[in-house]
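Engineer: Here the protein sequences line up with chains A and B, keeping their order.
Our numbering applies: residue 1 is where the first sequence begins, and numbers increase by one.
Our numbering applies: residue 1 is where the second sequence begins, and numbers increase by one.
Bear in mind the hints are in silico, worked out from the structure with no lab data behind them.
One should not assume that every hint holds.
[Stated by the list, open to error] SDA-like mimics (lysine to any residue), calculated; alpha carbons at most 20 Å apart, straight line: (1) B/128 x A/85; (2) B/127 x A/161; (3) A/32 x B/92; (4) A/85 x B/55; (5) B/128 x A/32.
[What the hints assert, rightly or not] Partial list, computed: chain A residues near chain B (C-beta under 10 Å): (6) 116; (7) 118; (8) 173; (9) 174; (10) 175; (11) 177; (12) 178; (13) 180; (14) 181; (15) 183; (16) 185; (17) 257; (18) 258.
Cβ atoms here follow ideal geometry from the backbone N, Cα and C, with glycine treated the same way.
Spelled out, the chains give:
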Amino acid sequence: MNWLDTIIQGTLLGGLYALFAMGLAVVYGVMKQINIAHGDFIVLAAYLALGIVAATGLHPFLVVPLAVVVFGLCGYALQRTVLNKTLGAEILPPLVVTYGLSIVIENALQQSQSADPRSIKLGALETASLQLGGGLAVGVFPLVMLGTAIAVAVILEVVFNRTRLGMAFRAVSDDREIAALMGVRDRRLFGYATAISFGVIAIAGVFMGIKFAFTPTLGPNFLLYAFEAVVIGGMGSFWGTLTGGIILGIAQAIGFALNPGWGILAGHLVFLAVLLVRPTGLFARAA
Amino acid sequence: MSALLETRGLVAYYGDFQALFGIDAEIREGERVALIGSNGAGKSTFLTSIAGLRQSLAESILFDGAPIGRRPAAEVASLGIALVPEGRRLFASLSVEENLLMGAFNRRSGHWTLATVYELFPVLAEKKNAAALSLSGGQQQMVAIGRALMANPRLLMCDEISLGLAPAVIKEVYAALGTVSADHGVSVILVEQDIELARAMSDRAYCFTHGTVSLSGKSDELSREAISAAYFGV
Numbered sequence: 001m002n003w004l005d006t007i008i009q010g011t012l013l014g015g016l017y018a019l020f021a022m023g024l025a026v027v028y029g030v031m032k033q034i035n036i037a038h039g040d041f042i043v044l045a046a047y048l049a050l051g052i053v054a055a056t057g058l059h060p061f062l063v064v065p066l067a068v069v070v071f072g073l074c075g076y077a078l079q080r081t082v083l084n085k086t087l088g089a090e091i092l093p094p095l096v097v098t099y100g101l102s103i104v105i106e107n108a109l110q111q112s113q114s115a116d117p118r119s120i121k122l123g124a125l126e127t128a129s130l131q132l133g134g135g136l137a138v139g140v141f142p143l144v145m146l147g148t149a150i151a152v153a154v155i156l157e158v159v160f161n162r163t164r165l166g167m168a169f170r171a172v173s174d175d176r177e178i179a180a181l182m183g184v185r186d187r188r189l190f191g192y193a194t195a196i197s198f199g200v201i202a203i204a205g206v207f208m209g210i211k212f213a214f215t216p217t218l219g220p221n222f223l224l225y226a227f228e229a230v231v232i233g234g235m236g237s238f239w240g241t242l243t244g245g246i247i248l249g250i251a252q253a254i255g256f257a258l259n260p261g262w263g264i265l266a267g268h269l270v271f272l273a274v275l276l277v278r279p280t281g282l283f284a285r286a287a
Numbered sequence: 001m002s003a004l005l006e007t008r009g010l011v012a013y014y015g016d017f018q019a020l021f022g023i024d025a026e027i028r029e030g031e032r033v034a035l036i037g038s039n040g041a042g043k044s045t046f047l048t049s050i051a052g053l054r055q056s057l058a059e060s061i062l063f064d065g066a067p068i069g070r071r072p073a074a075e076v077a078s079l080g081i082a083l084v085p086e087g088r089r090l091f092a093s094l095s096v097e098e099n100l101l102m103g104a105f106n107r108r109s110g111h112w113t114l115a116t117v118y119e120l121f122p123v124l125a126e127k128k129n130a131a132a133l134s135l136s137g138g139q140q141q142m143v144a145i146g147r148a149l150m151a152n153p154r155l156l157m158c159d160e161i162s163l164g165l166a167p168a169v170i171k172e173v174y175a176a177l178g179t180v181s182a183d184h185g186v187s188v189i190l191v192e193q194d195i196e197l198a199r200a201m202s203d204r205a206y207c208f209t210h211g212t213v214s215l216s217g218k219s220d221e222l223s224r225e226a227i228s229a230a231y232f233g234v
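Pulled out of the complex, with its shape left as it was, chain A reads as follows:
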């Protein structure tokens, strides 16, 4: 095994997992809401992008902004019409409702798209690579994916820490009642949070669709990776989530390099190790 190459490939893969995870981290961070259908929405975004590419012939990268807008609006509407009604003292209702959504999405996709694997074609860019010398090469597409993940982390950090909206997000997360006393309309704010989350989901979905051959039932796997990346990184900073995704990617890459059957397992083992050693995550902001 070439360690350096394996770690580079794992880091690049980790960019995708970070994209999976950051959308989850947004809604959990703002309103402690867990979206069990998170992975299924990633898959749905991939099918949506596939459909747009087929219908318009646009380059998949150009579909990303369109998918972000469509998904962002859908996320806002979903939060305002359905998910806000599940938020309260009980933690179970949002879990049950989003679990239901997960089943509905999977079955609807299976019914309409069949269970055949699909993928979004990128043309020549799919195999383009940069030579790093010493026999090392990195793919252009995985680099774009990692770069996008870093850009999303930067944007989210800026939004959460440098804007009025982000300040309100953090205030509502601290104390919903007192934030309301300040004039924060929390239900609308939760809509914005889910819109942002779904925007990130859309980006993740398009990249996933290019990277993997996908089927309607892959959602729960992606949800698991997203959870693992969030837990490894720790709540409170998107840099932590980004790093968590990259650690997960490297663990899987090393596992795969050792034995093709061990890749996913290695990721889970690293996740368990972090849970045992530092349950709050490696980079959790001190509470």
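Model the placement of chain B on the given structure of chain A, informed by the hints.
Structural biologist: Just chain B now, kept in the frame of chain A:
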């Protein structure tokens, strides 16, 4: 002069437990009103009902003559009603300055800005980038009051702002509050356990007992004996 805020037969429940049994009270523009009474008498419930954190009958709370009992807290805030909550409840993950800025979330314009709040509490200017909860109790209380002022309220409600503070700090905090009401015409409702302090800081007082008003009147005309009697409900 008509009342800025008026409650008519205000009731409140926690599940089956009734906390307020028809409170009739009022506060005029620029007036300072103290609420006194033992723990559990309903003073905090009264304030949170006005603030919109609990729903009441629309007509049971009138602000500027308009019924606001059913309005949610965010809307009540935009009318110019601010609460300094019991226990301060600062935003833990926000800095001192961000806590103050949250107070101005409604963008109500007026005298109070970051600059004037820092003028009132100069120590906060030095600590503006510190995490809010890293400050001393007294300084945290100043943040809580400053945060409420940032909304440029017409009615400021303070729930036990002296709780857990050293006597010298209490004096400082109340001196600032005196400035706020005297110089800027803000109406103030204050809940205070220290009866002498409450009387000194207010024009009128209501004494709450078991969710009812057992005594009310001008603060300097209420005798200590009458307050004690009302306080303990005997």
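Engineer: All hints are to be evaluated individually against the structure, with a verdict given for each.
Structural biologist: Results of checking the hints against the structure:
| no. | hint | verdict |
| --- | --- | --- |
| 1 | B/128 x A/85 | violated (37 Å) |
| 2 | B/127 x A/161 | holds (18 Å) |
| 3 | A/32 x B/92 | holds (16 Å) |
| 4 | A/85 x B/55 | holds (18 Å) |
| 5 | B/128 x A/32 | violated (28 Å) |
| 6 | 116 | violated (47 Å) |
| 7 | 118 | violated (42 Å) |
| 8 | 173 | holds (7 Å) |
| 9 | 174 | holds (4 Å) |
| 10 | 175 | holds (6 Å) |
| 11 | 177 | holds (6 Å) |
| 12 | 178 | holds (5 Å) |
| 13 | 180 | holds (4 Å) |
| 14 | 181 | holds (5 Å) |
| 15 | 183 | holds (4 Å) |
| 16 | 185 | holds (5 Å) |
| 17 | 257 | violated (40 Å) |
| 18 | 258 | violated (41 Å) |
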